[in-house]
Amino acid sequence: MVKFLKLYEKIGIFILIVAASVFLAIVSPNFRNLDTILSIIMQGSYGAIIAFGMTFAITSGGFDLSVEAIMGFTSVIIAMLIPSLGFAGSIIIAILASCFVGFLNGVLITKVGISPLITTLSMQVILRGASLIITNGRQVVISQKSFMSIGASKVFNLIPTPIIYMVVLFAIFYLILNQTSFGRHVAASGSNEQAAKMSGLNVNLIKTVVYILVAFSASIVGVIRTSQTLIGIPTMAPGFTLNVLTIAILGGTSLAGGKGNLTGTLFAGIFISMIYYGLNLLNVQIFYQMLAVGITLLFALFIDGLRMKYLETAKVKGIRV
Amino acid sequence: MDDIKVGLTPKQRAGNLLGSFGLIAILLIIFGFFSLLIPKLYFTWPNLRDMIRFSSYVGIGAIGMTFCIMTRNFDISVGSMLALAGVLGASVALKAGGIFGVIITMAAATLLGVINGLFVTKLKIPAFITTLGMYFIFRALAYIYTNNNPQYIQDRFWIFLGNGSFLRIPLPIYIMALCYVIAYLMLRKASFGRYILAIGTNSRAAALSGINVDNIKILVFTLVGVFVGVSAVLNGSMLGAANPGMMGDGYEFQVITAVVLGGTALAGGSGSLGGTLIAAMVIVFLKTGMSNAQVNSYWQQVATGLVLIVAVSLNKLKFWLIGQTQ
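Taken in sequence, the protein lines are chains X and R. Take the first sequence: its position 315, counted from the start at 1, is 315 in the working numbering, and no numbers get skipped. Take the second sequence: its position 217, counted from the start at 1, is 217 in the working numbering, and no numbers get skipped.
Quick caveat, the hints were computed from the structure, so don't treat them as lab data. Among the hints, erroneous ones may be present.
Simulated pairs of lysine-lysine, BS3-like, Cα-Cα distance not exceeding 30 Å [stated by the list, open to error]:
(1) R:40 - R:287
(2) X:197 - X:3
(3) R:316 - X:197
(4) X:259 - R:122
(5) X:315 - R:40
(6) R:122 - X:309
(7) X:259 - R:124
(8) X:317 - R:124
(9) X:197 - X:154
(10) X:111 - X:317
(11) X:3 - R:124
(12) X:197 - R:287
(13) R:124 - X:315
(14) X:145 - X:197
(15) X:111 - X:315
(16) X:317 - R:316
(17) X:309 - R:95
A few chain X residues that don't get close to chain R, going by computed Cβ distances all over 10 Å [claimed, not checked]:
(18) 24
(19) 97
(20) 119
(21) 148
(22) 255
Don't be surprised by glycine CBs; every beta carbon is placed ideally from N, CA and C.
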């Protein structure tokens, strides 16, 4: 049983995906078509990309609730700057500005010592307000049609670009978390901050970099979404933060910190997208998606709780875990 | 920390002073500032009365949250809970009358609080994530139940609760005062209060010393529901409708702001109801002032966020001055 649970921790989400695929393939003929599958993966890529960053934040023992505001902030900056700077310049500035927001989050959390919850919740409200102020509450239409190629085109006329971004970012984040000393330091700060400090790690710096990474990933998705719609939207993706958290937790990253599972995050992003696709087949209204995400989150935590309980009892009984 | 002893350093004195009077000073400064800026709109008895009346919306909901944060937990679902309880009650009121509507609103919110408590304690899911899930589930249920149609409240009794007066003082002020007195007695005069402080300080130690931690936590989440229910009744009454999308939108943020601004430590184990009450008034006084002075609503949003960060930093400063680590 312990072995099974260990295995489940690694590939549990993969089992869910296979089950969901079989189910969808049976009920929906459309699903047996490569374009549909790619579009589902693309829909999942937005949440997954930000969840890569969120996985880092949770691994370091915190989280970031400001990601949806960062998306809107990025979107607004691009829309305002694109007429004068062109799209390359505006994208770079938007991403840098978002990274600066992440830096502020990190400083407030580590130097001032405000909890991640209060810091990032306030940042969310402040940044939303700031984005609305910048555009005066309006949505800004982008006239440069060529900007669309970034998020709305297909490589080899087949694979949508967001999937490419997701795969590239996954590779980078995976290498950082699992192959570099920085990744190990992030995990160390998350599992026992005091011990990490004692052993000479600069925990404050590590955590600050983590919040910059989260903001970076959110900003990338902001760029993609803005390019697809060609509109700068200050209130972009309301409520998306919970989706991102759900994906990270569903993927098996422990909220207690210290253990991040990016592969799980990747698949969880796709799984959530499959749920949405399934609900669309049923032709239900949008609020049922909210309900589904909430229930999936609680279900994942319920399973996780059972697993932890079992492992603890096993430990007490003396079974090696 | 309440008893000031002889022999404190000036720094510690400053810290204690900041803790006791900082918030009242902020309230007076805000009131004074806007009174001077826009005296005709702001410095009037009807305005002051209305501001205190509106404080009940955040103030009452924040009572349960104060308990919750004292035990080192969170409830992010309060805004959605308010909406779901509100639309349920309002739809019942249309068919069966206002008294039943009010009862259903209260009962629904209480039940939702119990559900949160059971999830947190029995399934051992961290409160933050449980209630984040519930935040979406409750709101979705409110949408689904009403099919996104606002439920109008026209019943005279229900409207009277939020808008009526007794001895020229609005009813919500009496209700808020009553809630605070009850909560104060629970916190300071009953064993329940000592238990929640013990759990917040060290939940393991509390369990070892024989406190039934799970039951107390369930009770705390239930109380969050009860007070949100009272808020939902008053909010629905003042607005004359329960709107599944707009009712309680952003409420969790306002309530947590009030509690944290009021000096309750996020680390659990300490806090004050008086602080929460004054903080709720600070939020309303500031918001009304900015609205009356015609500050753009987006700037208001930015200001609320900044106030929270500054307030929490001040709290850190207080602990640093006293020479304690939180």
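Here is what the structure says about each hint:
1. At roughly 17 Å between alpha-carbon atoms, residue 40 of chain R and residue 287 of chain R fall within 30 Å of each other, so this suggested pair holds.
2. Of the supplied pair hints, the one linking residue 197 of chain X and residue 3 of chain X is violated, its CA atoms being roughly 33 Å apart against a limit of 30 Å.
3. The suggested pairing of residue 316 of chain R with residue 197 of chain X holds, with an alpha-carbon distance near 21 Å, which does not exceed 30 Å.
4. For a cut-off of 30 Å, the pair hint linking residue 259 of chain X to residue 122 of chain R stands: about 24 Å separates their Cα positions.
5. Restraint check for residue 315 of chain X and residue 40 of chain R: the C-alpha separation of about 70 Å exceeds 30 Å, so the hint is violated.
6. For the suggested pair residue 122 of chain R and residue 309 of chain X, the alpha carbons sit about 11 Å apart, so the restraint of at most 30 Å is met.
7. The suggested pairing of residue 259 of chain X with residue 124 of chain R holds, with an alpha-carbon distance near 19 Å, which does not exceed 30 Å.
8. With a C-alpha separation of about 20 Å, the suggested pairing of residue 317 of chain X with residue 124 of chain R holds against the 30 Å cut-off.
9. Of the pairs offered as hints, the one joining residue 197 of chain X and residue 154 of chain X is violated, with about 47 Å between alpha carbons and a cut-off of 30 Å exceeded.
10. As the CA atoms of residue 111 of chain X and residue 317 of chain X are separated by approximately 43 Å, the hinted pair breaks the 30 Å bound.
11. Restraint check: the Cα-Cα separation between residue 3 of chain X and residue 124 of chain R comes to about 23 Å, which is no more than 30 Å; the hinted pair holds.
12. Taking the CA atoms of residue 197 of chain X and residue 287 of chain R, the gap is near 42 Å; set against the 30 Å cutoff, the hint is violated.
13. For the hint pairing residue 124 of chain R with residue 315 of chain X, the CA-to-CA distance comes to about 18 Å; that is within 30 Å, so the pair holds.
14. Among the hinted pairs, residue 145 of chain X with residue 197 of chain X is inconsistent with the structure: their alpha-carbon atoms are about 50 Å apart, more than 30 Å.
15. For the given pair, residue 111 of chain X sits about 38 Å from residue 315 of chain X by alpha-carbon distance, which is inconsistent with the 30 Å threshold.
16. Distance hint between residue 317 of chain X and residue 316 of chain R is unfulfilled; the C-alpha atoms sit about 44 Å from each other, more than 30 Å.
17. Between residue 309 of chain X and residue 95 of chain R the alpha-carbon distance is near 47 Å, which puts this suggested pair outside the 30 Å criterion.
18. Its beta-carbon lying about 22 Å from the closest one in chain R, residue 24 of chain X satisfies the requirement of being farther than 10 Å from that chain.
19. The claim that residue 97 of chain X lies off the interface holds: its Cβ sits roughly 16 Å from the closest Cβ of chain R, which is beyond the 10 Å cut-off.
20. Once the 10 Å rule is applied to beta carbons, residue 119 of chain X is inconsistent with being away from chain R; the minimum gap is 7 Å.
21. Every C-beta of chain R lies more than 10 Å from that of residue 148 of chain X, the closest at about 28 Å, which supports listing it as non-interface.
22. A cut-off of 10 Å between C-beta atoms contradicts the statement that residue 255 of chain X is not in contact with chain R; the least separation is 6 Å.
Hints 2, 5, 9, 10, 12, 14, 15, 16, 17, 20 and 22, counting from the list given before, are not met by this structure.
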